[in-house]
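Full structure from sequences and hints, please.
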Amino acid sequence: MTLLYLEDFRPGRRFTSGVREIAADDIAAFARLSGDANPVHTDPAFAAGHGFAGPLAHGPLGIAVVFGLLHDLGIVDGTAIALLDLSWRFRNPLVAGDSVRFEMTVTRCRRSSRGDAGVVNRHVTLARTDGTVVGEGDTAFLVSARDPQGPPTYVERDFGTPAWAGLLAGRLADNAEFGEGTATFDGSIGLAAGRESVQLRVYKGRVLETGRWTPSGPTFTLHGEELAWVELADAPRNDFIARSMRGAFGVTGNTYEHLRLHKAIVATWDSIRALAAEGAA
Amino acid sequence: MTRVEGRYLEIDGRIGFVETAGDGDPVLCVHTAGQSGVQWRRTLAALPAYGYRVIVPDLPGHGRSDEPAGGPVTDLGAYRDWLLRVATELGADRFHVVGCSIGGKITLDLAASAPDRVTAAVAMAADARNSRWSVRSLERSLEDVSSPSRMDRTYYGTLAAVGADVPPARAAEIARMHRREDPIVSTSDLIAWTRHDLRDRLGAIASPLRLVAGADDFWIDLSGVEETARAIPGCRLDVLPGVGHYPMEEIDDFPAVLAGWLAELTA
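Each protein sequence line maps, in turn, to chains Y and G.
Going by this note's numbering, the first residue of the first sequence is number 1179, and it counts up by one from there.
Going by this note's numbering, the first residue of the second sequence is number -14, and it counts up by one from there.
Not one of these hints is a red herring.
In silico EDC-like links for lysine to aspartate or glutamate, alpha-carbon gap of 20 Å or less:
no.	chain 1	residue 1	chain 2	residue 2
1	Y	K1441	G	E166
2	Y	K1441	Y	D1352
3	Y	K1441	Y	E1355
4	Y	K1441	G	D137
5	Y	K1382	G	D137
6	Y	K1441	Y	D1364
7	Y	K1441	G	E158
Some residues of chain Y that are not near chain G, with every Cβ distance over 12 Å (derived):
no.	residue
8	G1237
9	I1241
10	V1311
11	E1387
Non-contacting residues of chain Y with respect to chain G, defined by C-beta distances greater than 12 Å in every case (computed):
no.	residue
12	R1198
13	A1215
14	L1261
Source of the hints: derived by calculation from the structure; they are not laboratory data.
Backbone N, C-alpha and C fix where the C-beta goes; we use that ideal spot for every residue, glycine too.
Structure, rendered in structure tokens:
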């Protein structure tokens, strides 16, 4: 694969790694390297006594393998500047003999103020080749830009930010269903994607302003992980309600007003998706 | 055109409305929460051509049937008993039964409770138990004042609950039809659905039975449906891609599909 720069990490883009088998030697080596010689990792009989088919791989070994598989893809050696953060949930055990691969989805891509690099957020799922998820999490890294003078990256997909909300407000001005659904509403709708959140100040069918804060705060806030946002933005249809019922999105604040604005929220997602499609090229 | 006969039965001094069409083995069709026999209108029109007598009741409190003396029903067992009496009134001592959602669970219950009367069963969007819903939160939403935009939620909720293969115009028609509900009755039905646990009674099922689930159906937990299928000897489970919670309304040639299922079950 060719080397990728900041501009290549459009939110929603996916990467699938090759397959790597976790050998008993790998687990033994990781125990020496980390100093974690817990018998569940080093003693087959002990591991068997705890119901595992073999010595259990250390959790961080799986994470380390993600970065090894990323190196193998050959897409960021030379453009990746620094790993910035990592949050991980361990879902299922990994034992010697298991083969794994990752799927990585870009969830945010933002050029730094200096312009020569930017932050790329990624959701990573590490799974066995039979599909069982071993672990998943979010991790950001700093990546070199191809063109240091380039424009901001993918604002149409920078969900939950003021710049994005400004574009969304323009779309909502032409969205008749949003206007009808908020015709009797006076308040603010909060939209939160991961750690980014923004508010739409709405009065009788119109968005008056957008921003990080409003004098009275949000009436209610719709929140979801960054992955949930990019997935619905790129889904074949606007199935926001089905995804909410499955837990991908939640609401805090005034639930009465949230329920009352059902139609407006579905309509807002129509505009979010249309805007994101503009940033798909 | 199919000739459809409407009947006003008197059950416990109350009107029970039933439509029938065709001649042959009786097929009892049970609708979903808050809806009515209108969900089966295409089945009622087309299934008789396959040699069946199609029986489509409106459950008590739905469509043209009187509401029950005790108000909205919160026990699926009451619907089960009422349906057995409807079948008796119509001279259908033995019958096939097909149902969807609460109707699917009632189908399971009929097969377990009346194994001498049910000859074949197709339970769609159904499992023996619902772990996904909370009776307490449903009871809260019985207070309509705390449930603003109830019609919008039914409309958009139905749009989301149909499968990805349903063309948008058909999906919107289904959603508009579902908006005809009385939300108190629908919510009571869901309470009945959530409370009803058939897990200990599946062993009593004697008739051939098929479970059908839409792959896009978020109302049901597929693992619960699979567990139910495993607990019923010889039960076949079909997971239909592109289909959601309402197969009889979503699938264009549903009557032909149903006729195929019934033929297989009774072969």
